[in-house]
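First to last, the sequence lines map onto chains A and B.
Be aware that the first sequence starts at 1, since it is given in the numbering used here, and climbs by one per residue.
Be aware that the second sequence starts at 1, since it is given in the numbering used here, and climbs by one per residue.
These aren't lab readings, by the way, just hints derived from the structure by calculation.
Same chains, same label: a pair holds when it works inside one copy or across any pair of copies.
Result set (SDA-like, lysine to any residue): computed pairs, CA atoms no more than 25 Å apart in a straight line:
{"#": "1", "residue 1": "K231", "residue 2": "R256"}
{"#": "2", "residue 1": "K354", "residue 2": "Y250"}
{"#": "3", "residue 1": "K354", "residue 2": "L48"}
{"#": "4", "residue 1": "K231", "residue 2": "T116"}
{"#": "5", "residue 1": "K354", "residue 2": "R256"}
{"#": "6", "residue 1": "K231", "residue 2": "G119"}
{"#": "7", "residue 1": "K354", "residue 2": "A297"}
{"#": "8", "residue 1": "K231", "residue 2": "E113"}
Protein chains: 2
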Amino acid sequence: MSQSATGPARGAGFTSFTPPARILMGPGPSDVHERVLAAMARPTVGHLDPAFVAMMEELKELLRYAFQTSNAVTFPVSGPGSVGMETCFVNLVEPGDTVVVCRNGVFGGRMLENVTRCGGLPVVVDDDWGAPVSLDKVEEALRAHPEASLVGFVQAETSTGAHTDPRPLVALAHAHDCLAVVDAVTAVGGVPVGVDEWGADAVYTGTQKCLSCPPGLSPVTFGERAVARVKARTSPCQSWFMDLGLQLGYWASGSRTYHHTAPVNALYGLHEALLMLREEGLEAAWERHRRNHLLLAAGLEDLGLGLLVAEEHRLPQLNMVVVPEGVDEAAVRAHLLNEAGIEIGAGLGALAGKVWRVGLMGYASREENVSACLAALRAALAAQGRTV
Amino acid sequence: MSQSATGPARGAGFTSFTPPARILMGPGPSDVHERVLAAMARPTVGHLDPAFVAMMEELKELLRYAFQTSNAVTFPVSGPGSVGMETCFVNLVEPGDTVVVCRNGVFGGRMLENVTRCGGLPVVVDDDWGAPVSLDKVEEALRAHPEASLVGFVQAETSTGAHTDPRPLVALAHAHDCLAVVDAVTAVGGVPVGVDEWGADAVYTGTQKCLSCPPGLSPVTFGERAVARVKARTSPCQSWFMDLGLQLGYWASGSRTYHHTAPVNALYGLHEALLMLREEGLEAAWERHRRNHLLLAAGLEDLGLGLLVAEEHRLPQLNMVVVPEGVDEAAVRAHLLNEAGIEIGAGLGALAGKVWRVGLMGYASREENVSACLAALRAALAAQGRTV
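The task is simple: from the sequences and hints, build the whole structure.
So this is what it looks like as structure tokens:
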């Protein structure tokens, strides 16, 4: 214990961090309600405390409501959405498995990365960025690959703003003896998600989109077929942390075998956010997202701005606004941030520089935010000599 | 959008969660200071917000202070300590690599699980639970396995309360051309950690021990040799989320290539906790942990209670109290929790039922907590007819 703390006086002179005032209208995180922030600031208790364990049981039940499922295996993975995604693939894919991956944006591409790293043999079904996944192409892929065991696709592509209806895709996967994995990260709370109605086998989401919770957790739900697939594995899951068997020992009711230490305060926040969703009701939340999206779309039209995605495939919670020819897109975002405290997102991947991503997610989906954003966009365009 | 939210009225009737008042004196999480809780409740901002990016730079600098390193690659992994551990192994072990794993408790065993799942060939060096890692045995293993490329061990075994001095083990690993990975989850902030002084190649820690932050993040630091090893890999990292190359694109100064969405509010909390550690000073924190440990040990002796670990190897922040013959250990823990609001930990693995784990970690390492715990232990033993 005689060691001295040497080295430069690192960190000296720093002070507490005070975040600037923002309205979060990007692709996530979205605005977090005061109730959720307050919940996270409650005193930390032990992750095996009986009171905490009881809260976790409520949290799982609230998640079942949000996912619209009665799946027993429904819990929040202790990591951001990408860990939820990886949890699905490392458990459901074994080396040599053929997996149909639908790629119509960045997150389908991430699924592909996951499948490859699990030793799976991917069959990629590509669709245009901004378009939904094509049922016909998936069917063609499944016919060409009768050995396929899994189909993965994204319901709400956060990189393109396109919505894909999971119901027919899940049915198609099942008709070809495949499990269906659905990325619902940006979907849950913003558009209808019905895990049981679809019959989806594994679905994951994030907290920082339409659940309006800070980022860092990824709720997942696994149906009976998926659990059976995991139990029938002939090779161990390559990840210790994401191994569903170990995760379940920790999260299953009446179990609580130590696996890792749950992020206690983040879970307080998620519990409160889900409670607020329950209080509002899913249908009311979907309708609110739809209504504010229509308001925004109308206002954008007044500004002469178009949306990338065809009307029938638009996600109400994430609007891909096409950057007009000759407009400096980064300058517009900087204007919104610096002059109005409004964060909107840049385009990702193939859409970088071509679109703005305007989120109306969760608590951020409010009429006053739509107005503020439209006014700020008008001013930002005017600052570039574009008056409408 | 015509779907209706069917199913039972799940979650109806639940209310906001109010945690009970606790003093956290188990193996973690430890008590969290009001300043850290308040920091986490500040409004969420975007993870690419310039203000947030600047905060992350400070956070990395504060972590370098806590680790006592100038390693450029020092950042918090967005997951609990076990994800930090897995991040080290999935990046530094390739299939077929021989890895010496030192196992003197649960967490050495977890390292072994990680090595195996990465396709590594483990050489296990076992030591008694409660004893430190034996330098001689490790040397023997390294002589017998000149092909070994990595040595992994735990500095502060949270399951046994034993401290292993990393310095000679790191030197030994280097003498045999191996990298050294050190688990410092329970160590950082409680006992001297000097990553640069040791020359350790990869070290990970947790936030919920002596840093007194809620669980959910795992700071890691990689030295130049470790980064070179990662760059020289011939096979891709099996994990997409934990791939150091991708993580670095996100965390490196001046980079910020989108990888995942950082847990914004949890990072506010870690920034504040590290700032408090910086204000107190590492040496003062180590001394405080030592002082309160000695107080506790003396009080335990008065109660006729012994400690599992030999005096010279005891972790001041985690005291393994031997359960006396005939005492109902679970009843004592329940008594402390229900009558005094004090959480202490049960034994883990081979020590289940045989010890209590009394933590004096971070903000919980205070004289008044020592007194409260001793008084509560006295009362709990008296309730079982044991008066001293």
